[in-house]
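Q: The primary structure of each chain is shown beneath.
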Amino acid sequence: MQFRNHEVVGDILDLAERYRDEGADELVFYDITASPDGRTVDREWINRVAEILDIPFCVAGGIRTLKDAEEILNFGADKISVNSPALANPDLINELVRRFGSQCVVIGIDSREEDDSYRVYQYTGDPDKTKHSGRITADWVKEVQERGAGEIVLNCMNQDGVRNGYDLKQLSEIRAVCDVPLIASGGAGEMQHFADVFTVACADGGLAASVFHKAIIEIDDLKRFLQTQNVEIRI
Amino acid sequence: MSGSLAIIDGGGANIASLTFALQRLGVTAQLTTDKSAIAAADKVILPGVGAAADAMTRLQHADLCQFIRDLKQPVLGICLGMQLMFDASEEDDATCLGIIPGKASRFTPAPNRPVPHMGWNKVLQKSSSPSFAGIEDNSYFYFVHSFALPISEATIGSTDYGSEFTAVVESKNFIAAQFHPERSGAVGAKFLKNFINNYN
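Sequence lines, in order, name chains E and R.
Position in the first sequence (first residue = 1) + 559 = the numbering used here.
Position in the second sequence (first residue = 1) + 17 = the numbering used here.
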């Protein structure tokens with residue numbers, strides 16, 4: 560889910576409730592109110608989401624310090640997802656893991672194919688600031704695991720927003736070096752894409768936003784379809 | 018619906034989701050390390066997030082180890098709270114409460130078995146229990162853990178994650194789940210409700 564600012568808290572709660580009732584297994588909230596300008600962010604909404612959700616949820620965005628993470632977890636989130644700040648300061652991963660445990664610490668990675676290899680990008684929230692981080696994706700995946708990350712969300716940028724299917728080639732390659740849960744992101748457009756990401760790329764989860772927001776795919780239909788494809792899934 | 022509920026405050030553990038889940042069931046719980054408050058409660062929950070050794074150190078500092086072993090009212094352990102009820106854990110070689118025989122060991126990562134185990138898995142009901150009242154066999158619950166208990170005499174529910182491990186355990190007045198009922202949707206809520214309503 561993406562949202563713009565705290566003025567839409569009502570919408571967030573409605574959406575959270577809707578996805579909970581439709582059978583989503585986990586929700587990720589991209590808190591882009593946590594802008595890079597360093598102003599204080601009101602995270603009270605997390606508490607209100609925790610109050611109504613009976614499935615796990617993760618908050619991503621704007622987590623730069625242990626204090627940020629602690630606040631989010633104390634408000635009731637199950638996990639925090641860190642992307643650019645981990646690239647800028649990899650030790651942050653170790654600190655978060657030591658304090659809160661691996662199971663809370665998700666690393667988001669934006670990756671794109673370039674010169675025949677997959678490379679990590681940072682600051683992808685702002686098109687003007689997006690830049691190559693200087694890292695090879697597979698190497699970064701190994702490093703964040705060594706530092707204790709408990710889960711990896713791989714956002715395949717070539718596929719993002721185009722709904723042509725998950726990047727199975729890249730996901731399969733990363734799966735081979737990933738011993739922690741791997742969540743696929745970017746590209747879901749049809750139910751078959753989800754089946755492929757589980758059966759071909761062996762991802763542990765499929766993340767999608769627009770197909771659910773726009774009700775192109777109903778979660779319940781999707782899960783019943785996946786069951787016919789022999790994907791083990793909670794209905 | 019019966020009486021008062023105390024949650025043992027392991028310190029540092031994030032228990033907002035648990036208190037909210039109880040709140041949705043109309044139950045107010047007291048988060049405490051105070052022995053007289055815990056002793057006076059009709060039921061007790063031992064939650065736990067984090068590492069076994071740290072959690073045991075905190076219980077020792079609060080002088081609660083023997084006190085928990087001696088509790089006579091129904092006690093529900095959740096996730097690490099369940100592992101603490103056993104003899105020991107491989108995690109930092111921790112000695113635990115020793116209420117139920119067994120030792121938690123680490124999952125070895127394998128293809129199709131990422132570690133930590135985080136996700137929804139089926140729980141096979143190995144014997145009938147008030148904990149499973151109204152819950153279909155092989156229902157899905159949400160798990161988050163890297164260490165697990167083998168199947169033992171006290172196991173009443175099991176889950177297969179590359180190998181079979183103890184998902185629910187019951188021994189005298191101690192009941193415990195490896196999964197997080199507070200994050201397991203409607204069946205999880207039912208499991209919590211069963212603890213509140215079906216034990217005395």
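These are calculated hints, taken from the structure and not from any lab test.
Worth double-checking, as some hints may not be accurate.
To be verified - Derived pair list, reagent style DSS-like, types lysine-lysine, alpha-carbon separation capped at 25 Å:
{"hint": "1", "chain 1": "R", "residue 1": "K120", "chain 2": "R", "residue 2": "K143"}
{"hint": "2", "chain 1": "R", "residue 1": "K52", "chain 2": "R", "residue 2": "K143"}
{"hint": "3", "chain 1": "E", "residue 1": "K782", "chain 2": "R", "residue 2": "K120"}
{"hint": "4", "chain 1": "R", "residue 1": "K120", "chain 2": "R", "residue 2": "K89"}
{"hint": "5", "chain 1": "E", "residue 1": "K782", "chain 2": "R", "residue 2": "K89"}
{"hint": "6", "chain 1": "R", "residue 1": "K207", "chain 2": "R", "residue 2": "K120"}
Claimed, not checked - A short, non-exhaustive set of chain R residues, derived as facing chain E with CB atoms under 7 Å:
{"hint": "7", "residue": "F37"}
{"hint": "8", "residue": "A46"}
{"hint": "9", "residue": "A70"}
{"hint": "10", "residue": "F84"}
{"hint": "11", "residue": "G115"}
{"hint": "12", "residue": "P118"}
{"hint": "13", "residue": "Y159"}
Quantities reported herein were computed from a predicted structural model and do not represent experimental measurements.
Heads up, the beta-carbon is just placed ideally off N, CA and C, and yes, glycines get one too.
Q: State for each hint whether it applies.
A: The hints, checked one at a time:
1. K120/R / K143/R: OK: K120/R and K143/R at ~20 Å, within 25 Å.
2. K52/R / K143/R: Answer violated: K52/R to K143/R is near 34 Å, above 25 Å.
3. K782/E / K120/R: violated (36 Å)
4. K120/R / K89/R: holds (23 Å)
5. K782/E / K89/R: violated (44 Å)
6. K207/R / K120/R: Violated: K207/R and K120/R sit about 28 Å apart, past 25 Å.
7. F37: holds (5 Å)
8. A46: Interface hint status for A46/R: violated (15 Å vs cutoff 7 Å).
9. A70: violated (12 Å)
10. F84: violated (26 Å)
11. G115: With Cβ-Cβ at 23 Å, over 7 Å, it is violated.
12. P118: P118/R check fails; min Cβ-Cβ to chain E is 26 Å, beyond 7 Å.
13. Y159: holds (6 Å)
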